[in-house]
Amino acid sequence: MLVTKWNNASIQIKLTVSFTFTLIIILVMNLFMYVNINSMTSRVDEVYVSNVNLNELSEALQVLHESVRGYLDTKSSDSLDSYYRADQEYRELLEGLNQRVVNNRMKITEKNIKAQSETYLETIYETVQAKRGRNVERYKTYYDEATEIYGDIQNCIYSLNNEQFKNNSGSYMILLSSLRYMEIISTVILAMIGCINLVMVFMLTRNMTSPLIKLSKAANEVAEGNFNVEIEDTESGDEIGIVSRAFQKMVTSIQIYIQEIKNSMERESRMKEKELLMESSMREAQLMTLQAQINPHFLFNTLNAGAQLAMMEGADKTTEFIENMADFFRYNIKKMNQDTTVGEEVQLVDNYIYILNVRFTGEIHFEKEIDEKVLEVKVPSMILQPIVENAVNYGIRNIGREGKIKLTVYRKDKFIYLSVWDNGIGMSEEKISQILKGELKEVDLKSNSNGIGLGNVIERLKLYTGREDVMEIKSAGKDEGSEFTVKVPAHI
Amino acid sequence: MLTGFIIMLFVALFCAVYFSVKMKQVSEADARTYEIYDMHYVFIADNAEKEFWNEVYAAAVEEGEKENVYVERLGENLNVNYQTEDLLRIANNSSVDGIIFCGEDNEETVKLINEAVHKGIAVVSLRQDIEDSERQCFVGVNSYDLGLEYGKQILELAQQEEMLNPRICILADNTMSESKQNLITFAIRDCFSEAEQGEGNLPEMEIRKIDASDAFSAEEAIRDIFMDSQNLPDIMVCLNSVYTQCTYQAAVDYNRVGEVKILGYYSTEAILDAVEKRIIYSTVQVDTQEMGSQCIRALTEYHESGYTSSYVPISTQVIGSAEAKRLLQEAEVEDAGN
Numbered sequence: 001m002l003v004t005k006w007n008n009a010s011i012q013i014k015l016t017v018s019f020t021f022t023l024i025i026i027l028v029m030n031l032f033m034y035v036n037i038n039s040m041t042s043r044v045d046e047v048y049v050s051n052v053n054l055n056e057l058s059e060a061l062q063v064l065h066e067s068v069r070g071y072l073d074t075k076s077s078d079s080l081d082s083y084y085r086a087d088q089e090y091r092e093l094l095e096g097l098n099q100r101v102v103n104n105r106m107k108i109t110e111k112n113i114k115a116q117s118e119t120y121l122e123t124i125y126e127t128v129q130a131k132r133g134r135n136v137e138r139y140k141t142y143y144d145e146a147t148e149i150y151g152d153i154q155n156c157i158y159s160l161n162n163e164q165f166k167n168n169s170g171s172y173m174i175l176l177s178s179l180r181y182m183e184i185i186s187t188v189i190l191a192m193i194g195c196i197n198l199v200m201v202f203m204l205t206r207n208m209t210s211p212l213i214k215l216s217k218a219a220n221e222v223a224e225g226n227f228n229v230e231i232e233d234t235e236s237g238d239e240i241g242i243v244s245r246a247f248q249k250m251v252t253s254i255q256i257y258i259q260e261i262k263n264s265m266e267r268e269s270r271m272k273e274k275e276l277l278m279e280s281s282m283r284e285a286q287l288m289t290l291q292a293q294i295n296p297h298f299l300f301n302t303l304n305a306g307a308q309l310a311m312m313e314g315a316d317k318t319t320e321f322i323e324n325m326a327d328f329f330r331y332n333i334k335k336m337n338q339d340t341t342v343g344e345e346v347q348l349v350d351n352y353i354y355i356l357n358v359r360f361t362g363e364i365h366f367e368k369e370i371d372e373k374v375l376e377v378k379v380p381s382m383i384l385q386p387i388v389e390n391a392v393n394y395g396i397r398n399i400g401r402e403g404k405i406k407l408t409v410y411r412k413d414k415f416i417y418l419s420v421w422d423n424g425i426g427m428s429e430e431k432i433s434q435i436l437k438g439e440l441k442e443v444d445l446k447s448n449s450n451g452i453g454l455g456n457v458i459e460r461l462k463l464y465t466g467r468e469d470v471m472e473i474k475s476a477g478k479d480e481g482s483e484f485t486v487k488v489p490a491h492i
Numbered sequence: 001m002l003t004g005f006i007i008m009l010f011v012a013l014f015c016a017v018y019f020s021v022k023m024k025q026v027s028e029a030d031a032r033t034y035e036i037y038d039m040h041y042v043f044i045a046d047n048a049e050k051e052f053w054n055e056v057y058a059a060a061v062e063e064g065e066k067e068n069v070y071v072e073r074l075g076e077n078l079n080v081n082y083q084t085e086d087l088l089r090i091a092n093n094s095s096v097d098g099i100i101f102c103g104e105d106n107e108e109t110v111k112l113i114n115e116a117v118h119k120g121i122a123v124v125s126l127r128q129d130i131e132d133s134e135r136q137c138f139v140g141v142n143s144y145d146l147g148l149e150y151g152k153q154i155l156e157l158a159q160q161e162e163m164l165n166p167r168i169c170i171l172a173d174n175t176m177s178e179s180k181q182n183l184i185t186f187a188i189r190d191c192f193s194e195a196e197q198g199e200g201n202l203p204e205m206e207i208r209k210i211d212a213s214d215a216f217s218a219e220e221a222i223r224d225i226f227m228d229s230q231n232l233p234d235i236m237v238c239l240n241s242v243y244t245q246c247t248y249q250a251a252v253d254y255n256r257v258g259e260v261k262i263l264g265y266y267s268t269e270a271i272l273d274a275v276e277k278r279i280i281y282s283t284v285q286v287d288t289q290e291m292g293s294q295c296i297r298a299l300t301e302y303h304e305s306g307y308t309s310s311y312v313p314i315s316t317q318v319i320g321s322a323e324a325k326r327l328l329q330e331a332e333v334e335d336a337g338n
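From first to last, the protein sequence lines stand for chains A and B.
Using this note's numbering, the first residue of the first sequence is number 1, and each one after it goes up by one.
Using this note's numbering, the first residue of the second sequence is number 1, and each one after it goes up by one.
Some clues are possibly wrong.
Said to hold, decoys possible - In silico negatives: residues of chain A with every beta carbon more than 10 angstroms from chain B: (1) 56; (2) 74; (3) 115; (4) 148; (5) 242; (6) 301.
Stated by the list, open to error - Computed list of lysine-lysine pairs in DSS-like fashion (alpha-carbon distance at most 27 angstroms, straight line): (7) 277/B with 107/A; (8) 474/A with 373/A; (9) 274/A with 131/A; (10) 107/A with 50/B; (11) 119/B with 107/A; (12) 166/A with 50/B; (13) 474/A with 431/A; (14) 437/A with 412/A; (15) 166/A with 24/B; (16) 474/A with 462/A; (17) 152/B with 114/A; (18) 131/A with 119/B; (19) 166/A with 107/A; (20) 474/A with 414/A; (21) 119/B with 166/A; (22) 209/B with 152/B; (23) 209/B with 114/A; (24) 140/A with 119/B; (25) 431/A with 317/A; (26) 111/B with 140/A; (27) 431/A with 373/A; (28) 107/A with 66/B; (29) 114/A with 140/A; (30) 414/A with 487/A.
Claimed, not checked - With the C-beta cut set under 7 angstroms, the calculated list includes, among others, these residues of chain B facing chain A: (31) 4; (32) 11; (33) 13; (34) 34; (35) 77; (36) 194.
I should point out that these hints are in silico values taken from the structure, not numbers from a laboratory.
Glycine included, each C-beta is placed from N, C-alpha and C at the ideal position.
Starting from the given sequences, assemble the full structure and let the hints guide the process.
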């Protein structure tokens with residue numbers, strides 16, 4: 001409970017409590033030892049008090065005896081008065097003497113002095129009474145007796161005084177050395193408590209600063225870019241604890257945020273890459289087209305004029321031929337930048353085959369098997385004609401037998417398949433893979449009618465569909481013909 | 001951190017307690033605690049024969065502890081060297097409860113003892129009886145018994161050495177009463193008579209009185225005896241420990257060891273040593289323990305019942321060479337033990 005409270009206390013409170021606590025302890029200890037040593041010092045001062053008392057007693061006795069002597073000499077009222085006073089004073093001083101039987105020589109001597117003094121006082125009284133009664137012999141006897149006792153008492157006091165002085169000197173030395181001893185002890189104790197205090201303050205400040213140092217190290221690491229820093233979990237509820245936890249939270253948040261940014265950047269860069277690729281392919285296609293642009297336009301206009309001339313001359317076949325040619329070139333011009341339908345692509349192939357057949361006098365036997373349902377499906381433009389052209393140029397040309405090309409369009413599952421089959425020279429597996437990887441691009445370019453090679457077709461299809469398996473090439477071997485099948489998703 | 005506080009609190013408390021204990025120890029070193037007693041007796045004895053009286057006093061103190069009586073050795077701590085009579089006066093004026101007194105038997109003493117008795121102070125005379133006083137009790141050796149002990153020794157010596165009419169010198173102080181002197185000489189004579197030595201072989205006895213009031217007279221008087229070599233006695237009987245020591249020292253100094261037989265009194269280490277070496281033939285030991293304790297018992301008895309027996313005899317023992325050796329060995333063992 002207390003520990004929790006302490007842990008949750010603020011630094012200000014912790015520091016205040018610590019310093020107050022240590023201060024109080026040192027103060028209390030100081031006060032305690034000061035009072036003790038002070039009382040001892042006062043005892044040292046009192047050591048010789050007993051000697052002083054005995055001296056007073058001796059003097060009082062002397063005064064008393066002298067006053068009696070004075071009275072006996074003069075019988076004056078003054079001396080009587082002084083006798084009474086001295087008697088009173090001496091009695092008062094006697095009160096301070098021990099009268100019990102104890103096993104201490106000095107105390108017993110005190111008792112003896114007191115008892116002798118009482119006898120002496122009685123004798124003195126008798127002396128004075130006898131003097132008053134003018135009984136000369138009696139008072140002389142009493143006085144002699146008193147003087148004898150007086151001498152005994154003075155001797156006893158003197159002896160006791162001596163012994164007490166010896167004893168007191170011993171006590172004084174003991175007290176003095178004890179005092180020094182206690183002073184050393186108190187100094188040692190204070191030094192010890194001071195040291196503990198120092199250790200405590202050191203520990204307290206270390207407890208406070210060590211999380212701060214850790215925090216600053218962690219902050220430095222974060223500043224250097226290392227976000228995987230772990231700060232020791234602190235239970236402390238003070239300001240530093242709060243800062244540490246907030247820092248930990250912040251680092252974690254930053255980590256998450258950075259991860260998110262990374263992910264989105266990756267996504268973005270992938271998209272950008274794709275876009276760039278698409279754009280470059282498009283540009284490539286456009287470039288090809290532009291290179292051939294003068295020819296199609298010129299040809300197109302010229303062909304239109306030729307078709308009109310042939311129509312005027314009644315040459316139907318020529319008209320048809322020229323129209324086909326015109327369509328072919330128009331398609332080339334118009335459709336390059338936009339998507340088209342399967343139907344239009346098939347139409348272009350028809351035009352192309354017609355032109356070729358006119359050109360090569362019907363050498364190419366073209367068949368087609370079209371699923372009418374898929375004619376409206378959107379596909380990129382100029383994908384079918386380059387394949388057919390390829391089949392003509394590399395497949396069936398110069399084979400010496402009748403060249404056949406078959407176009408099949410059908411739907412299977414969610415895909416549209418556009419297949420161009422020829423019975424030409426066929427191709428090796430090596431070549432097939434070269435084509436699919438786009439490694440034969442340059443060769444294609446040189447001899448294509450509209451400048452679009454197979455490689456370009458494959459590239460555009462990949463970008464368009466976002467898939468890799470956009471074309472399949474099959475060939476049974478040399479002179480066994482080949483089949484190019486384009487696969488596009490039906491929903492696009 | 002809290003642990004630190006607690007540790008510090010404990011250390012501070014420990015230091016405070018330690019400091020208090022040390023202070024207390026220091027205070028106690030100075031402070032004296034006294035025991036309170038019911039009665040206050042004073043022990044007054046001559047300063048001569050200090051060792052003897054020390055033993056008696058120690059025994060009295062020991063007995064006093066049992067009876068809750070404080071026994072003060074009066075005069076010991078006074079700066080003036082008082083005579084026993086003066087000390088008796090001080091004791092009287094100090095209104096003590098009892099006085100154990102060993103001193104000269106004279107008029108002054110008798111007067112002071114009577115005064116004390118009238119004041120209600122019980123008085124016991126020790127070793128030396130104050131015969132004419134009103135003292136309650138006398139604790140000491142019967143002079144006749146003492147004489148018999150010496151007689152036996154003298155007889156033994158006379159027979160051993162085949163002495164005829166041995167000349168005996170008895171050293172006594174001048175305070176010793178005539179009756180006591182007579183009792184001693186009678187007892188010695190009786191010994192010879194009983195031994196059927198016949199009238200012809202009775203010892204020649206002389207009592208040398210030494211002035212007790214003069215501090216150094218004993219030593220001088222004894223040396224005088226030795227210097228008079230013509231009349232040197234065969235046997236010297238010393239009636240106190242100081243005379244014994246002086247005599248054997250003189251015998252050694254004047255090369256009279258063996259020539260003069262010494263019969264001593266009491267057993268200090270020096271006397272025992274001399275007995276063992278046969279410088280002293282034998283010594284009569286008085287039971288100091290008994291002496292001390294009997295004084296206290298007599299006083300206490302008087303206080304309790306109002307009376308006590310007027311004479312308490314103390315037993316004596318003769319110590320020969322063999323016994324002296326044993327006693328010395330015992331003392332040695334005791335010293336080593338301490």
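Hints, verified against the model:
For residue 56/A, the condition that its CB be more than 10 angstroms from all CB atoms of chain B holds, with the nearest at approximately 19 angstroms. For residue 74/A, the requirement that its beta carbon stay farther than 10 angstroms from each beta carbon of chain B is met, with the minimum near 28 angstroms. The beta carbon of residue 115/A is not kept farther than 10 angstroms from every beta carbon of chain B, the shortest such distance being approximately 4 angstroms. Some Cβ of chain B comes within 10 angstroms of the Cβ of residue 148/A; the nearest lies about 7 angstroms off, and the non-interface call is violated.
Residue placement check: residue 242/A keeps its beta carbon more than 10 angstroms from all beta carbons of chain B (closest about 18 angstroms). Residue 301/A, annotated as away from the interface, keeps every beta carbon of chain B farther than 10 angstroms; the closest lies near 99 angstroms. The suggested pairing of residue 277/B with residue 107/A is violated, with an alpha-carbon distance near 46 angstroms, which exceeds 27 angstroms. Restraint check for residue 474/A and residue 373/A: the C-alpha separation of about 26 angstroms stays at or below 27 angstroms, so the hint holds.
Between residue 274/A and residue 131/A, the direct Cα distance comes to roughly 151 angstroms. Violation of the 27 angstroms bound is thereby established for this hinted pair. Restraint check for residue 107/A and residue 50/B: satisfied, since their Cα atoms lie roughly 24 angstroms apart, inside the 27 angstroms limit. Proximity of residue 119/B to residue 107/A is assessed by CA-CA distance (about 23 angstroms); at most 27 angstroms being required, the pair is judged to hold. As the CA atoms of residue 166/A and residue 50/B are separated by approximately 24 angstroms, the hinted pair is consistent with the 27 angstroms bound.
For the hint pairing residue 474/A with residue 431/A, the CA-to-CA distance comes to about 11 angstroms; that is within 27 angstroms, so the pair holds. Between residue 437/A and residue 412/A the CA atoms are separated by roughly 25 angstroms; this keeps the pair inside 27 angstroms, and the hint holds. Between the alpha carbons of residue 166/A and residue 24/B the distance comes to roughly 23 angstroms, so the proposed pair stays at or under 27 angstroms and holds. The straight-line distance between the Cα atoms of residue 474/A and residue 462/A is roughly 19 angstroms, inside the 27 angstroms bound, and the hint therefore holds.
Our distance criterion of 27 angstroms between C-alpha atoms is broken by residue 152/B and residue 114/A, whose separation comes to about 52 angstroms. Using a Cα cut-off of 27 angstroms, the hinted pair residue 131/A and residue 119/B holds, with the two alpha carbons roughly 25 angstroms apart. A distance of roughly 15 angstroms separates the Cα atoms of residue 166/A and residue 107/A; the hinted pair therefore holds under the 27 angstroms criterion. Using a Cα cut-off of 27 angstroms, the hinted pair residue 474/A and residue 414/A holds, with the two alpha carbons roughly 22 angstroms apart.
Between residue 119/B and residue 166/A the alpha-carbon distance is near 35 angstroms, which puts this suggested pair outside the 27 angstroms criterion. With a C-alpha separation of about 23 angstroms, the suggested pair residue 209/B and residue 152/B falls inside the 27 angstroms cut-off, and the hint holds. Straight-line distance between C-alpha atoms of residue 209/B and residue 114/A comes to about 41 angstroms, which puts the hinted pair past the 27 angstroms bound. The suggested pairing of residue 140/A with residue 119/B holds, with an alpha-carbon distance near 22 angstroms, which does not exceed 27 angstroms.
Simply put, residue 431/A and residue 317/A have alpha-carbon atoms about 40 angstroms apart, too far for the 27 angstroms limit, and the pair is violated. Proposed proximity of residue 111/B and residue 140/A is supported: the alpha carbons are some 20 angstroms apart, at most 27 angstroms. Restraint check for residue 431/A and residue 373/A: not satisfied, since their Cα atoms lie roughly 34 angstroms apart, outside the 27 angstroms limit. The suggested pairing of residue 107/A with residue 66/B holds, with an alpha-carbon distance near 21 angstroms, which does not exceed 27 angstroms.
Of the pairs offered as hints, the one joining residue 114/A and residue 140/A holds, with about 24 angstroms between alpha carbons and a cut-off of 27 angstroms not exceeded. Between the alpha carbons of residue 414/A and residue 487/A the distance comes to roughly 10 angstroms, so the proposed pair stays at or under 27 angstroms and holds. For the restraint placing residue 4/B at the interface with chain A, the shortest Cβ-Cβ distance is roughly 5 angstroms, inside the 7 angstroms limit, so the hint holds. Interface restraint check: residue 11/B against chain A, minimum CB-CB distance 6 angstroms, threshold 7 angstroms, status holds.
Interface restraint check for residue 13/B: the shortest CB-CB distance to chain A comes to about 10 angstroms, outside 7 angstroms, so the restraint is violated. Nearest Cβ of chain A to the Cβ of residue 34/B: about 4 angstroms, under the 7 angstroms cut. The hint holds. Hint status for residue 77/B: holds, given a least beta-carbon distance of 6 angstroms to chain A, under 7 angstroms. Because the closest C-beta pair between residue 194/B and chain A is about 50 angstroms apart, greater than 7 angstroms, the hint is violated.
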